[in-house]
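Please build the complete structure, drawing on both the sequences and the hints.
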Amino acid sequence: MSEFKPTNPVIRWIEHRLPIFSFIDHAVGSGYPTPRNLNYWWNYGSLAGIALVIMILTGIMLAMQYTPHQDFAFDSVERIMRDVNYGWLLRYVHMNGSSFFFIVVYIHILRGLYYGSFKEPRELLWIIGVTLLLLMMAASFLGYVLPWGQLSYWAAKVITNMFTAFPIIGEPLVTWLWGGYTVGNPTLNRFYALHYLIPFVIVGVVILHIWALHRFGSSNPVGIEADGPQDKIPFHPYYTVKDLFGLGVFLTLFAALIFFAPNLLGETINYVEANPLVTPAHIVPEWYFLPYYAILRSITFDLWFLSAKLIGVIMMFGSTMILFLVPWLDRSPVRSARFRPWYKWFFWIWVFDVAVLTWVGANPPEPPYLYIGQVGTVWYFAHFLVILPLLSIFEPTKPLPSSIGEPVLKGGGAATAGAAAKPVEKA
Amino acid sequence: MAETANPGTDPGHSEDGETRRDFLYLTAAAMGLAGTAAVAWPIIDSMNPAADVRALASTEVDLSPIEEGMAITVLWRGNPVFIRHRTAAEIEAARSVPLDDLPDPETDEVRAPRPQWLIMVGVCTHLGCIPKGQRVGEEKGLFGGWFCPCHGSHYDTSGRIRKGPAPRNLDVPPYEFLDDTTIHIG
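Chains A and B, in that order, give the protein sequences.
Following my numbering, the numbering of the first sequence begins with 56 at its first residue and continues without gaps.
Following my numbering, the numbering of the second sequence begins with 12 at its first residue and continues without gaps.
Keep in mind that the hints were calculated from the coordinates and are not lab data.
Where is the CB? At the ideal position from N, CA and C, for every residue including glycine.
Don't take each hint at face value.
Stated by the list, open to error - Just some of the chain A residues that point at chain B, by a computed CB distance under 10 angstroms:
1) V213
2) I214
3) V238
4) L332
5) T334
6) P335
7) A336
8) R352
9) P420
Encoded structure:
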């Protein structure tokens, strides 16, 4: 929008030599023209960024107190909780922060699926986003192991054992991952190193994500491209303020969880130190992994030369990987579900299906949960592999508005009074 | 370079149009790849079990205090090893199973050459949990052996998988009897 013209002489001196201020202005400032009709579902991108910063800051502080050794890790976390000044707060923020990070990112992804944000020309933006999800999953899994409680240990053991499902390379691969013959001290050490590394990889990929976003700008609830400057408003101050309001709501809920129910989302058994000789009766992953866990466990039969275990592992990883293909599975020319009367329903049915799988994942793998999980798994994949391609062909879509402004402003917004119309006169 | 107006006489060109330069590109790329692999291997291999970890890879166990019907669990390479002094009924149950009933067919004679002693790694072959059934009063599953609570695998009195998602029988570690009551595992 407006050209970046700093008045402060120091900023001008730096800007002339390193145009970093205009870079920031173009990324998240007044220099980023944004569709004028974004709703609150568009808050979750910046919220995810803030969640990442919260996790890195608290994580660095925790790392200063933590000992990555199998004999001391559990006690060092207890020391953080009891002895370190505000250690309890840092840990509870970090621990619950991962849950909030996943809530925010899941909503961000659902928004993209509902409004068709992944469609041409934003496919690569979407793919980078799915990559970020995978990195987040890796980081949260690795971090969950570090307190070295019973679930930490057994989560590490069960998840790494999945790789034994692969023929021939499976066993040596897992030995290599462990640095031993089971999950042990070498495993804890490397998990700690990688847990510290991955967030910074995420920061790098986030920069790619924002870079790709700015190539074509944000999508919007009606899913048509902006016609011209009258359809856009500067990111700052309009959306910085809107995002700040959303952040206020987010932090209020977050604080409520941290101060009133910090262990609500965790499992009590993880406050028992890891014991390699005793598996807890019920192993459940964190809530944000439950749907994948349900899919893993719903495969109880061999198929041809493939073992149930291998199919389960492939399906579990496939359930996330399939997101990479969504831009090519959903080929409907209409982006937004607002104008897709059938997809809108199938979208919510799929969300319900994921919720059911979450519930199944929290329960033991026996009837009736097993059968519900199997139906849910079939539906999960059918949604992507059957329903989306069919909808692309047969769905009667509603007529699209002629411009972003039209639905809210009589006359298409092009002739509206005020600041938004001015660029038109210039053009 | 030997670029000349008459490429037919250029010694850098062979009959089929390949040049010495193509050959150089190829060999240089191959050398580069070999060099990269040579550097990558130490980095990758450093994550494999170190010498001190490998050094703990064998253990000796005195079996004399284990009476018939008792079981003990010892550590070998960080993993539990189940040692069970089986009763005649358990041996009979294990040996009378037709191989056709087994997802991973293996005779009890092979798994336990000395029938009263069943020695195996107590790690579920599904995803690595420790099956229950070693201690008195623990659930032993549908076949009277071991039961893995994580994903519901049932093992019989020979430690063979009978029902559930585990693909293989419980592994029998390499071991030998040093004398009648002492074994060396590893």
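Going through the hints against the structure:
1. V213: Nearest chain B Cβ about 4 angstroms off; hint holds.
2. I214: 8 angstroms, holds
3. V238: This interface hint holds because 8 angstroms falls under the 10 angstroms limit.
4. L332: 5 angstroms, holds
5. T334: 4 angstroms, holds
6. P335: Since the shortest Cβ distance to chain B is 8 angstroms, the answer is holds.
7. A336: For A336 of chain A, the interface hint holds, since the closest Cβ of chain B sits about 5 angstroms away, which is under 10 angstroms.
8. R352: 6 angstroms, holds
9. P420: P420 of chain A check passes; min Cβ-Cβ to chain B is 6 angstroms, inside 10 angstroms.
In this structure, none of the earlier numbered hints is contradicted; all agree with it.
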